[in-house]
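The primary structure of each chain is shown beneath.
2 protein chains.
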Amino acid sequence: MNKMVQQIEIICVGNELLTGKTLNTNAQWIAKRATSMGIVVKRIIVVSDDTDEIANAIKEALQRKPRFLITTGGLGPTFDDKTLEGIAKALNRRLEVNEKALKMVRQKYDAYAKAGGIERVELTPPRIKMAKLPEGAEPLPNPVGTAPGVRIDVEKTFLIALPGVPSEMEAIFEESVVSLLKREAGKAVFFETSIYADNIMESSLAPLIDKTMHDNPYVYIKSHPKGEEKKPHIEIHFSTTAESSKIAKDRIGKAIIQLSELVQRSGGKIKTLS
Amino acid sequence: MNKMVQQIEIICVGNELLTGKTLNTNAQWIAKRATSMGIVVKRIIVVSDDTDEIANAIKEALQRKPRFLITTGGLGPTFDDKTLEGIAKALNRRLEVNEKALKMVRQKYDAYAKAGGIERVELTPPRIKMAKLPEGAEPLPNPVGTAPGVRIDVEKTFLIALPGVPSEMEAIFEESVVSLLKREAGKAVFFETSIYADNIMESSLAPLIDKTMHDNPYVYIKSHPKGEEKKPHIEIHFSTTAESSKIAKDRIGKAIIQLSELVQRSGGKIKTLS
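From first to last, the protein sequence lines stand for chains F and Y. Each residue of the first sequence is one higher than the one before, starting from 1 at the first, in my numbering. Each residue of the second sequence is one higher than the one before, starting from 1 at the first, in my numbering.
One should not assume that every hint holds.
A pair counts as met if it fits within one copy or between any two copies, since identical chains are not told apart.
Under the rule of at most 20 angstroms between Cα atoms (straight-line distance), these lysine to aspartate or glutamate pairs were calculated in the EDC-like manner [as the list claims (entries may be wrong)]:
1. K226 / E170
2. K231 / D110
3. K103 / E122
4. K100 / E135
5. K187 / E85
6. K114 / E261
7. K114 / D198
8. K132 / E99
9. K42 / E60
10. K187 / E261
11. K156 / E119
12. K65 / E53
13. K132 / D210
14. K182 / E96
15. K269 / E228
Don't read these hints as lab results, they were simulated from the structure. The structure presented is a predicted model; accordingly, all values stated were derived computationally and were not measured.
Turn these sequences into a full structure, and let the hints guide you.
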């Protein structure tokens, strides 16, 4: 891994994630997208719909100075949508109606009114709430739902708040976040692939992986047992972040050849498909 | 929520969770099981296979003094299985071969040798590694795989390290962790249920939920939009933690009746199935 690689942290807000009601697919989705762009995901944190919990998680993450800090959830109209309150508290900024965000929300409800054949949907406090952003924030258009995303540049960190509804989160990410990630990631490329080993125990594979990683310092190799130690079927996952796709693939190819030979010499069998 | 409720934090270790390669089903599984026993999950943290990252996450979590701190992943025989190293560093304890753990590992490999028709599987350093625990730790038998789980009592926190392979994690949890959680949870019971509202926007529902929660202070109500704001279909999720199942159900029943009436008076439709 080289020093130029940018880091990202993800904070997911929602009691439903902490009770196990909802599987955290948002974190995986963002992690995968960011990783594919050569950005390293350093930490994922899940906290409840509580202003102090959110504020603490934000403060702690900012202290670690990631280049990006993305939150999901808690941007909607209900009382327990507290992410912006938490961010405001963490940054010691006031929440105020952001005129640009209010216009976005107004336009959404005008469109809903038109679609529903009614004259006008009133901007009640819960609706205005979605346009109350921390001072200095920039709203990000929501192509799918109502609540805008939010971007705040805090010293060297881009802090971006996205909704929890996956389709809305993904749409804002693609429309307003990807270009920023790509710009910062520069030419970094992440490449990964897996091979599979049978007939060798993970504990026997361990020193062979050690040797291969030692000889291929930019390649990360991790074994994932899919069978049991006594009847081993092991996924061996290779990954690297490099300056170009060619460099990445060359590096990984070299490591795969070396490890495959070591495994076969120990009586293991290598497959390229699971 | 009452003050007697015990808290748990979950730390998941693994680069594959941070690259998005693997969906974090372990966190959801533990969260669901702990919640069902009346224990509140306060935070879920995902960190990489790095001793310092693990140690920092452990130290930070311990400072928040949860009753339980459960880790998943990083207990195996390979170089990047660093959870016990991270825990040892966080607690400022040495790693040492634990005789009880070594016996467990020895028995596993004896059984594998027998099953494989070979005389004996040698205890190489990667295999002995799985029995190197922080001083004062207690190994927990692994009914499915090789690496034992680990329990360390740190002041008022039960720190429990479980493997990352789901079947192994779940088996150790059921065999050695559930009874401890139940004992500490006491009589607390978590109960949850959902109803569904059509024909009412989430932003219109918000003040009705506010009123119902105000009148039912122990019931937590959260709306989850499943359609769009312009064509709303909303899950309304009710939950409570109480001293008995009867109290929990009575509380939630009362809140459902009140909110359903408020929604219907606003022109919304209530369904009990999605």
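(request) Run the structure past the numbered hints and jot down the numbers of the failing ones, going up. (result) As far as the earlier hints go, 5, 6, 10, 11 and 14 are violated by this structure, in ascending order.
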